[in-house]
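Work the whole structure out from these sequences, hints included.
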Amino acid sequence: MPAIVKELHREFAGPTRFMEVCGTHTMAVFRHGIRSMLPPGLELVSGPGCPVCVTPAGKIDEAIALAGKKGIILATFGDMLRVPGTRSSLEKQRAEGADVRVVYSCADALKLADETGKKVVFFAIGFETTSPTIAQTILDARRTGKKNFFVYTALKLIPPAMRALLESGEVKIDGFMCPGHVSAVIGTKPYGFIPRDYRIPCVVAGFEAYDILESLLMLVRMKKSGKPEVANQYCRWVRTDGNQRAVEILNSVFETSDAEWRGIGVIPSSGLNLRKEFLEFSAERFVDSGISAPEEKSGCRCGAVLRGAVKPTDCPLFGKKCTPDNPAGACMVSSEGTCAAYFRYAGKKKNG
Amino acid sequence: MQGKRKMADEQKITLAHGSGGSTSYELIRRITRVFGKPAAELNDSAVVGFGKSRLAFTTDSFVVKPVFFPGGDIGKLSVCGTVNDLAVAGAVPLYLTASCIVEEGFKISDFKKIVESMKKAATQAGIRIIGGDLKVVKKGEADGIFVNTAGIGMLRSNVSISVDNAKPGDKVIISGSIGDHGIAILSQRPGISFRTNVKSDCAPLDSLTGIVCRFGKKVRVMRDPTRGGLASALNEIAMASGKTIIIDESAVPVRREVGSACGLLGLDPLQVANEGKLVAVVSGSVAGKICREMKKNRYGKDAAIIGEVFRGKSGVYMKTIAGGKRIVEMLSGEQLPRIC
Numbered sequence: 001m002p003a004i005v006k007e008l009h010r011e012f013a014g015p016t017r018f019m020e021v022c023g024t025h026t027m028a029v030f031r032h033g034i035r036s037m038l039p040p041g042l043e044l045v046s047g048p049g050c051p052v053c054v055t056p057a058g059k060i061d062e063a064i065a066l067a068g069k070k071g072i073i074l075a076t077f078g079d080m081l082r083v084p085g086t087r088s089s090l091e092k093q094r095a096e097g098a099d100v101r102v103v104y105s106c107a108d109a110l111k112l113a114d115e116t117g118k119k120v121v122f123f124a125i126g127f128e129t130t131s132p133t134i135a136q137t138i139l140d141a142r143r144t145g146k147k148n149f150f151v152y153t154a155l156k157l158i159p160p161a162m163r164a165l166l167e168s169g170e171v172k173i174d175g176f177m178c179p180g181h182v183s184a185v186i187g188t189k190p191y192g193f194i195p196r197d198y199r200i201p202c203v204v205a206g207f208e209a210y211d212i213l214e215s216l217l218m219l220v221r222m223k224k225s226g227k228p229e230v231a232n233q234y235c236r237w238v239r240t241d242g243n244q245r246a247v248e249i250l251n252s253v254f255e256t257s258d259a260e261w262r263g264i265g266v267i268p269s270s271g272l273n274l275r276k277e278f279l280e281f282s283a284e285r286f287v288d289s290g291i292s293a294p295e296e297k298s299g300c301r302c303g304a305v306l307r308g309a310v311k312p313t314d315c316p317l318f319g320k321k322c323t324p325d326n327p328a329g330a331c332m333v334s335s336e337g338t339c340a341a342y343f344r345y346a347g348k349k350k351n352g
Numbered sequence: 001m002q003g004k005r006k007m008a009d010e011q012k013i014t015l016a017h018g019s020g021g022s023t024s025y026e027l028i029r030r031i032t033r034v035f036g037k038p039a040a041e042l043n044d045s046a047v048v049g050f051g052k053s054r055l056a057f058t059t060d061s062f063v064v065k066p067v068f069f070p071g072g073d074i075g076k077l078s079v080c081g082t083v084n085d086l087a088v089a090g091a092v093p094l095y096l097t098a099s100c101i102v103e104e105g106f107k108i109s110d111f112k113k114i115v116e117s118m119k120k121a122a123t124q125a126g127i128r129i130i131g132g133d134l135k136v137v138k139k140g141e142a143d144g145i146f147v148n149t150a151g152i153g154m155l156r157s158n159v160s161i162s163v164d165n166a167k168p169g170d171k172v173i174i175s176g177s178i179g180d181h182g183i184a185i186l187s188q189r190p191g192i193s194f195r196t197n198v199k200s201d202c203a204p205l206d207s208l209t210g211i212v213c214r215f216g217k218k219v220r221v222m223r224d225p226t227r228g229g230l231a232s233a234l235n236e237i238a239m240a241s242g243k244t245i246i247i248d249e250s251a252v253p254v255r256r257e258v259g260s261a262c263g264l265l266g267l268d269p270l271q272v273a274n275e276g277k278l279v280a281v282v283s284g285s286v287a288g289k290i291c292r293e294m295k296k297n298r299y300g301k302d303a304a305i306i307g308e309v310f311r312g313k314s315g316v317y318m319k320t321i322a323g324g325k326r327i328v329e330m331l332s333g334e335q336l337p338r339i340c
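So the sequences go chain by chain: A and B.
According to our numbering, the residues represented by the first sequence are 1 to 352, in order.
According to our numbering, the residues represented by the second sequence are 1 to 340, in order.
Because the hints were derived from the structure by calculation, they are not lab data.
Keep in mind it's a predicted model, so treat the numbers as computed, not measured.
Mixed in with the good hints there might be a few duds.
Said to hold, decoys possible - Now the in silico label distances, taken between C-beta atoms and shown as ranges: (1) Ala309(A) to Gly140(B): 46 to 54 Å; (2) Gly192(A) to Phe68(B): 30 to 38 Å; (3) Tyr198(A) to Phe68(B): 54 to 62 Å; (4) Val63(B) to Arg199(A): 55 to 63 Å; (5) Ala309(A) to Lys295(B): 52 to 60 Å; (6) Tyr25(B) to Gln244(A): 44 to 52 Å; (7) Phe286(A) to Pro190(B): 22 to 30 Å; (8) Arg35(A) to Lys135(B): 49 to 57 Å; (9) Gly97(A) to Lys295(B): 21 to 29 Å.
Where a beta carbon is used, it is the ideal one built from N, C-alpha and C, also for glycine.
Structure below.
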């Protein structure tokens, strides 16, 4: 047993529930086999930090409708393709003839606008990590006077979602493992309200096995000492103030707005919309409003999974009517989705 | 039920149906019902009796994009792919046919280059290309060039290799680093802006399987872990044999660049494609010896024993470097890059 694991077992004092907020952490926890090393009674629950998963079905329906319009190319990240909307998915629409392209960055979508000369709509999802690059691309589009490049945004912010979870009081959480890459942009200060207002410790954590184990140890110690704060385990990348330049770029293009999260509902000031100076790049003009009333597939418990209220294995559809090949809910689609992680690594088989 | 089936048939083919994962498997099972009973198992090669000997026969289509990639091209790939399907069945590859579907506008010089590399790969593998076909379609009706190869080989009489043949105490050997092909191809895709020096491992494995086959019945299973990677190959073996396989992460060779690229794209190297790797399950008594012999072959230099077969429920597990244990799942759906 590695020394850090021994230390964790030694320091651990009684039943504890920590939340790893981010899907990348959920996946890393499984991939490194970390659950098998934890002291009994230390429970890890997954949070809402998967951008694909928290995009509401109605937003997907609108993107599908956009993709079906003549002369429009819809460009987005690969994970969005198979996320079910109310009736269909972008992947199915592509098979029906819609022009949907997978890109690896927003800049590629801008390039696509250059190369094709057609109207390109980038369906933007992501958190603070991805958003500055999207903002920069919009600045580039402005600089080069692009008239055929648009952004359809479903960008979200992590700290307001954490506040919403704590306010709801649905799940008792003893500590947060916060996503290191988000803090590489925003720093550690935006989490300050959590120890201050809720007396709960936070650790900004990296993604290697040792990072995660050390972060858990830090959380256990803070809980024990009764002195919660925001600690930075990922100090090789994360500064207290984050990346000021990236934040400036982000704020120059976007402003915060209320946003709907799949499974959670509307959270105040948790989304990013284009500032009015940049509305020429907004794809909203192509959207027909009122396409569908968003609803989840009956029985799908993605919402509760995203709030950390239930485990994927508690969902009646999990592994039966909902598999990565035939997903009923968004959490089963994304490579960062909690249900996909459980399905891949926790050993629940299809017919199980 | 009738209604449900009809609805399923009205759906259209998506790319996930071609990923080699469980979506493909479901479709193929449904389609092959046409032949009467559903195909029980879908092996890399079919084995048929011919006089007193047994022949292995296989066919495969190649649509790789880009057509030329670091470490090979569609020509080399199409020969190696079929040679390897025959080789891992325990056969000596003998004859091969190739047919090409070419899109109008494709450069003749590129076509020639592809055919030359087919010849080179065939010579190296000791297989003879004895026939072929060429069709040209209108621009836009194909993407550059698609190649199909079919091959035939003679099964060695001293071996009985089968995917359901893994026994408790057997060891698992991999012939070298995993994931090279998948990452080499991905690094060439438009939009991937990282440079790597990773080359495809595309290679004919008949000389390597020849070495392994000298150990006769001590060789239980051979697979070439292509689409779906090592994870899918091991899961197929564990499922067919009804055994547990446990591998050791620290023993599995992964190039540093491949590991980093996988980290960036959110991929698991165990699920990334190979085109010149052999995974062999062999008796524990000779595993060390086989591994040493494999190291003498140019395609087995980095061969390593990576795991063991145990009695127990079908499944594949890995002891992680961090000291934990986790499930190794088959690839499902398309492998997609990560986004945050």
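Report task. Hint says 49 to 57 Å; check whether the CB-CB distance for Arg35(A) and Lys135(B) agrees. Result -> With Cβ atoms ~54 Å apart, the hint holds.
Requested in this report: Could you see if the CB distance from Ala309(A) to Gly140(B) stays within 46 to 54 Å?
Outcome: Holds, since Ala309(A) and Gly140(B) (Cβ atoms, about 51 Å apart) stay within the stated range.
**Report entry** Range agreement (Cβ of Pro190(B) with Cβ of Phe286(A), hint 22 to 30 Å)
**Finding:** Holds, since Phe286(A) and Pro190(B) (Cβ atoms, about 25 Å apart) stay within the stated range.
Query raised in the report: Within 21 to 29 Å or not, the Cβ separation of Gly97(A) and Lys295(B)?
Result: At roughly 52 Å between Cβ atoms, Lys295(B) and Gly97(A) fall outside 21 to 29 Å, so the hint is violated.
Query raised in the report: Are Ala309(A) and Lys295(B) spaced within 52 to 60 Å by their CB atoms?
Result: About 53 Å separates the Cβ atoms of Ala309(A) and Lys295(B), which means 52 to 60 Å holds.
Query raised in the report: Between Val63(B) and Arg199(A), does the C-beta distance stay in 55 to 63 Å?
Result: Since the Cβ atoms of Val63(B) and Arg199(A) sit about 58 Å apart, the hinted range of 55 to 63 Å holds.
Query raised in the report: So does Tyr198(A) sit 54 to 62 Å from Phe68(B), Cβ to Cβ?
Result: holds (58 Å)
Query raised in the report: Taking 44 to 52 Å as the hint, is the beta-carbon distance of Tyr25(B) and Gln244(A) inside that range?
Result: holds (51 Å)
Query - Gly192(A) paired with Phe68(B), Cβ distance criterion 30 to 38 Å - result: violated (54 Å)
Hints 2, 9 from the earlier list are contradicted by this structure; the remaining hints agree with it.
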